[in-house]
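Trainee: Letter by letter, the chains look like this.
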Amino acid sequence: MATTQQIVDRCQELYDDLNFTAAREWKEGAPGRKVVGFMPLYVPCEIIHAAGMLPIGVLGGGDQLEVIQGDAYYQSYICRIPRSTIELGLTKRLDFVDGMLFPSICDVIRNLSGMWKLMFPDTYVRYFDVPQTYRDDVAGVFYIQEMKELREGLEELGGRKITDEQIRASIAVYNENRRLVRAVYALRAKVPWKVPSSEVYLVMRAGMLIPVEEHNKILADYIAAAEAQDRPMRDNCRVVISGAFCEQPPLNLIKSIELSGCYVVDDDFMLVNRWLTRDVPTEGDPLEALSHAFLHYSQSTSPKYEENVDEKGMHLVRSVEQNGAEGVIFAAPSFCDPALLDRPMLENMLDAHNIPYIGFKYAENSGQMQPIREQAGTFSDSIKLWSEQ
Amino acid sequence: MNATPTKPARPAKAPIEAVKDRSMLKQKAMIAGHYDRLTSAHEQGRKVVSTFVPGNLNELIMCFDLINNTPETNAIQSGMRKQSGGFITEAEKHGHSEDVCTYVKSDLGMMLKGNIAPNGKPYPNPDLLLLSYTGCFTFMKWFELLREQYKCETAMLHIPYQGDGKVTQNMRDYVVKQLKEQIIPTMERVSGVKFDIDRLREHLRNSAKAENDLVWVLQSAKNRPSPIDAYFGGIYYIGPIFTAFRGTSDAIEYYDLLRGEIAERVAAGKGPVTPEGDMGEEKYRLVVEGPPNYTHFRDFWKMFYDEGAVVVASTYTKVGGTYDFGFRHDADHPLETLADYCMGCYTNRNLPQRVEMIENYMSEYQADGLLINSIKSCNSFSAGQLLMLREVERRTGKPGAFIETDLVDPRYFSPANVKNRLESYFQMIDQKRKGAKTEAAA
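Going line by line, the protein sequences match chains A and B. Quick note: the first sequence uses this note's numbering, first residue 94, plus one each step. Quick note: the second sequence uses this note's numbering, first residue 292, plus one each step.
These are calculated hints, taken from the structure and not from any lab test. Be careful, since some hints might not be right.
Said to hold, decoys possible - Each computed BS3-like pair below joins lysine-lysine, with the alpha-carbon atoms no more than 25 Å apart:
(1) B/K468 <-> A/K241
(2) B/K485 <-> A/K405
(3) B/K384 <-> A/K454
(4) B/K384 <-> A/K405
(5) B/K513 <-> B/K485
The following block holds chain B by itself, in its conformation from the complex:
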């Protein structure tokens, strides 16, 4: 009997090992530690507060020894771990509309499927829902939905929107009054810990130190080549300060470490670190508006760095706090500074402010163009983006492009379409450059 010739086995493609800097290892350990603290909170006699990233009052939360849990971060984790699609479907099976935010559905679907954290242990039920209603209407409904499930106490902090592009004294007073008379007493009652304003001041001082370093890191992208990618890389950089670490010594250490590493890259004339190591030649410098897609995060990023495109500034990295125009948490005005922080978060700013911010980024970071990643789930970001694109193009004369994906719903990420749009966009920038050179030569 003749033996069937077997096809020689194709050499297995070696998985690409992500290059880890010291800051990355530090952040990984911080996050792992946080999930362990969170999932063992009740065993350890600690209380848990769920809150949102924009308007996250971590300094205040720590004053009551509460552990912070942010549902959007959990949805992001589910997206990155390819679980969100199943969670969303589960929520839709239970009556949630296909039209609404997929962060919400991923979170609710995760609850229906056991509410398991990335460390394999179940999330504890929150003892308090701190609804910091900052820059996103959906937050309010999301916490009403969670409250229905958890039946726990809910504290609503209403953050007025900057409709006229400014924070008025009335807006600030309203937030401070809510903090004093409603939020802090509720937190005292739930935690059993008395509020100590000096403890808050200490956390705020820590926040400001870390914020200084974060801003330095983000603004390092003004260098050519940029030593960072301020969108894909930027999402890692904002991780600690936007979630459970703002105001901690861990955050100070992390940002100090990160700043040192980026300073070395600037000195060495290096570009950003990508999951596949150092990026090659910088060909395109972009400003990006809108959140990323998390279900195909690395594939999405690769579409940029493979083409030599680096994001030099992004608006998403300002969604949990806008620090690059000078705001720092101010220990001398502890409650007022929390109010100003909340009201300054990116999506709490009106559209003219957002356009102006992008226009500034385009010139300060010497960008070649603006790319908008429009997210199906997020009306807070997305409604009005097509006008923003036109307006920025008109003001800067730089080309813009528009792609559509979703945060954590894999059904709305079409790799071929996105790649095609990006490649066309890069060609458009090339053409524009050629045109400019020809004009200059003439």
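If we strip away everything but chain A, and leave its shape as in the complex, we get:
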């Protein structure tokens, strides 16, 4: 059985590789293979998978990519993920990617879809709109048609039809992935000292870069290895991290939060792999099934409209309750409209439920972690010393 260290080393290798070697090798593995990149927050990877293509998450350049050309495309008041993504494109690190999907998440990513069309005219580019209303007979009809258009676009790109049967089979594989992802998160919430968040992050991030079947094996192996490994339990407080769903925090930031005395028991990093909160049915019309799941069983998060005012922020309250957390850390990228506009409303809901919180901003290339460590450490100490719970 592989050890956690061996598994995490492999995931770290994938994470550090800004040339996407694993995806390149997959593509070269057989003639005619195609790779489709997607940006946060969510795309139905099942359709890409059913087309025989490899979906990969393009989540920015992190803290190891020097952004030179990308900065020339953005003003100082725009977040970092689009500039590092352009840098990846211009430096030919994404030259093997045949298609790019830009989901509806914010105006910056939305406009990046048009930039990509202008800058990389040979790539299949699609802005993937998702509904912000949730009735099956209204929004569902629209969304199913959007997925059909995506399916047709991929059929043209791949030169072959995508059958319903193939999509149903892909849904089954992704259901397995979602179950395993949920299992890792549940294990971390139960025994966070055995499942450090910096490891969980790398294990999840690997899933953005390799075939889902391979990722399923990594997840299963990791669960087994983590359960088997004895690690000391520390006197840490338990926190939920919120706001990091798009531009990803540097790994050091996650490590710093942990080192400052916090066990992260829930987070919203890379929501794509647990966007749908239940298994998607593998019978019937697969697009209808994906649509129904999106409309009724998907995560609550800032880029999504909350229809019910009383529900605004309740996903965080529930996460705190269900995962036994003692507080929330709002960690959002600088200039992130969805997260930062949402934060006061989420804070109000936490106040109403007497849940403590702190907040700070980061960029994917933030290097100075001392202030974060001090802030998170003080938060952790205050909970441990003064909490009534």
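Following the hints, position chain B against chain A.
Mentor: Chain B alone, transformed into the frame defined by chain A:
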């Protein structure tokens, strides 16, 4: 005792009186009347709906006798009246990030400070928030924030984005279905008024008449000299049609009056009217992309007309509706036309469409260059503008320039920097012209 000699008093500089045309007086009266109707709405037994300028469904709103209130216009009013800075600071004190849209913060800060309208009376609380989510992500969060404060009913109209540069039947059907099954029933319930499609058709017919005249006015800038400034002046021209007057007889009268005045200017070979009277010689013809700064609106405009620069076309004047490529509200297809209107608003168009639009303006309006006023607050406009600039320069061979300000946050308007950039830009255009002449002579 010797009397201390007093310095002779400097003659006071006479304030420059803005020259008012009849259309300006008409618009002023319309706006004043609107604020009076709005602030007395509840006393008069009327209901109020807050909605946004892009995707503003005024014709539909009027079918339910609701009074339209647009928070962006309120923020603009606060900016022009030098109040927005204080409002923004107030909102930031209450936990709103310095990184986010200042329209939102100005609006929320104004609420915290009493929510006073330009006529000195408090704005009424809205009875309905009609969230027409058109071309701007922030709108969604803005209305969630307002809903938290007002605790009133909210209707969400999701407008799909033209990601592929076109409106598909699926997109249109989705909007129409939302109107039929969600928006109209909610408006009926809130207002207590039954929907009458013939009333909607009548308003739509009125809209189309006013839209014809608006387009004529904006396209008059193809003349040399241009009789209008299509950015600074254009903002006044779009005022009625982008806010509470589209579909009204008032709007028809206003645009008819305006068209008559501009026709007279064309016939007389006159340039635009500025706050200091007729503009002097037209030296530079520009296309401008992006919203203006409102906290220093007149100072900003003066930097242009003092140098003989006139804006002949702007994209901002298309943010509440793009009419110059043929779209008119169509009474024969009332709900479909509302859908097409929303989806056609400028920031709901993708970047290649926006570039193409500017490229067309550059040639059709014989512009010397493209100026981008990049707004710190507005990612919907601003993200991608540096690529747009390069692309338009590449396609047209005309020089471009880039300045940065903000809509209503005075902290982001640096007059010296902006003026310096503009002067350099005008010199660049001169150089380019000299180069072209030399080339032609050779």
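Trainee: Tell me the hint numbers this structure goes against, listed in increasing order.
Mentor: As far as the earlier hints go, 2 and 5 are violated by this structure, in ascending order.
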